[in-house]
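Trainee: Keeping their order, the protein sequence lines are chains A and B.
Residue numbers for the first sequence follow the numbering used here, so the first one is 1 and each next one is one higher.
Residue numbers for the second sequence follow the numbering used here, so the first one is 1 and each next one is one higher.
Keep in mind the hints are simulated off the structure, nothing from the lab.
Treat each hint with caution, since some may be false.
[Stated by the list, open to error] Label-pair restraints from in silico Cβ distances:
| no. | chain 1 | residue 1 | chain 2 | residue 2 | range |
| --- | --- | --- | --- | --- | --- |
| 1 | B | PHE224 | A | ARG116 | 40 to 48 Å |
| 2 | B | LYS202 | A | ALA174 | 53 to 61 Å |
| 3 | A | PRO187 | B | GLU53 | 55 to 63 Å |
| 4 | A | ARG122 | B | LYS202 | 33 to 41 Å |
| 5 | A | CYS4 | B | ALA262 | 49 to 57 Å |
By construction, the Cβ of each residue, glycine as well, lies at the ideal position given by its N, Cα and C atoms.
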Amino acid sequence: MVLCLDRFNHEWHITTYREGEQPLKTFAAQASNEIMLKPTLPNRSLLSRLDRPFYVPSGEMLLLYISTPVWIRIEAGNPPIVLDEVTTETLPDTWFGKNTLEGELCYANNILCSARLEDLPRDITHVITPVTIENRSKEILLLQELKIPLLYLSVYSDLQNHLWTEPLNLYQEASNHVEVSVVKGPPQSLKVPQLISTARIGLKSGFKDLFSPFMWK
Amino acid sequence: MSISIPDITALYKNSSELFSGFDLLLAVRVVSYFVFGIALTLYVCRLIGNISEKHTSAHHSQLLRRLTFYTGVILSILFPLKASGIDVTALLGVAGVIATIMTTAVAFAAQTSISNFLSGIFLIAEKPFEVGDYVTINGTLGEVLSIDLLSVKIRTKDNILVRIPNEVLLKSQFNNTTRFPIRRCDVKLRVSFTEDLQRIKKILMDVARKNPLCLVTPPPELNFVEFGDAAILLQFSVWTKQTSFTSLQTNIQMEIQAALYAHDIKLPVTPSVPVLS
Chain A
1 MVLCLDRFNH
11 EWHITTYREG
21 EQPLKTFAAQ
31 ASNEIMLKPT
41 LPNRSLLSRL
51 DRPFYVPSGE
61 MLLLYISTPV
71 WIRIEAGNPP
81 IVLDEVTTET
91 LPDTWFGKNT
101 LEGELCYANN
111 ILCSARLEDL
121 PRDITHVITP
131 VTIENRSKEI
141 LLLQELKIPL
151 LYLSVYSDLQ
161 NHLWTEPLNL
171 YQEASNHVEV
181 SVVKGPPQSL
191 KVPQLISTAR
201 IGLKSGFKDL
211 FSPFMWK
Chain B
1 MSISIPDITA
11 LYKNSSELFS
21 GFDLLLAVRV
31 VSYFVFGIAL
41 TLYVCRLIGN
51 ISEKHTSAHH
61 SQLLRRLTFY
71 TGVILSILFP
81 LKASGIDVTA
91 LLGVAGVIAT
101 IMTTAVAFAA
111 QTSISNFLSG
121 IFLIAEKPFE
131 VGDYVTINGT
141 LGEVLSIDLL
151 SVKIRTKDNI
161 LVRIPNEVLL
171 KSQFNNTTRF
181 PIRRCDVKLR
191 VSFTEDLQRI
201 KKILMDVARK
211 NPLCLVTPPP
221 ELNFVEFGDA
231 AILLQFSVWT
241 KQTSFTSLQT
251 NIQMEIQAAL
261 YAHDIKLPVT
271 PSVPVLS
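With the rest of the complex left out, here is chain A:
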């Protein structure tokens, strides 16, 4: 994907080249001469399918890493105004829910979920979300896919310019009862983390009990 930004008199031209597409967008810009590109997260949740199913016995924990392709937010002026958001990778649409009546539209990510961080792409076009899953119930938990609530996550960078979000903790208390916790702040392993972009929807506290199922067995 190639992104071109051109400044003309009172105009910004933004062109995206991707697999032959050449859509051009023109933005009126009287005063702003500065433009900023920020990595941000997509505007829907991400449904990530594990490369292989995981069984989590009662009392056990599992740490997974989910990689999400970033969107590039183009801002101009001071205070910054969002001109456009460009996807770095086209993710297919998918549905996540108990049935076709109740649920939500998500983006599908079938390859970027692993228990090993080194299996995932570590570049500026991908954001890593650490997810800790703890089985507090008496039954064994079969994990096949996860829904990551990207709308509630921010983007941080570390010294190596790797991008991260807040960690997520999932607790299976009983069958079909999952509690989700968004840890405030970046992962503790990061040295000198820097906040790049804030979440699209702010959480009042670090805890969010999502009413829709977070995992699907």
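For chain A, the structure is supplied; the task is to place chain B on it using the hints.
Mentor: Chain B in isolation, oriented as in the chain A frame:
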């Protein structure tokens, strides 16, 4: 040209003599109150409409505006009359008597309207569809423009207004195609008996995977329907966002045809049966 006060007074006296027994000032006052009342009603209607659109559905907002309008019009008529000293209760009493007589007389004639009115109330309470939904009623597909007390108005895709009485709606089956956020698109295929169905399945799944409008979950499905007379009947089902259904329905069938032809799979033609006269 200037008019002096004595001229105005003389004009008034002449007018009063001309319309003896008719108080011109009172009439002007009543009309002014009425006009002001209507203007205020229209302003309040617009205000209520703007506020209710943010908190309720388009249909409820429309109902609130109409209720406000009719209430405002009635008050705009009654208030000026009362303020001018006319006995409104007597008017209401007379109106009540007339209404009672009329009610009996028109009861039989208004059966259909009453039925439509009651059906409208049931439809409002049940809410099988809302303004903006796409519904199919008696074979007519269109967007619901308004849900009124006597009828529902829909706009077809070729921009024709169709009015359907509420009584008909309550008695008929209708389909709401926009109630749920995702929808399944079924493509029926006839393939030759000699074709490799596994190969066809692979081709179709590939078409769905490459089409950005197809959802990953629920996954596409290929179902064997029956051994037909001249071909095998298959049904290929893919899911999509409700808003993308029309686009998907067209372009996936074109993509399927192109993919099958690219793999040298030709769709069989239904043999024509000669009719002997």
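Trainee: If any of the earlier hints don't hold here, list their numbers in rising order.
Mentor: 2, 3, 5
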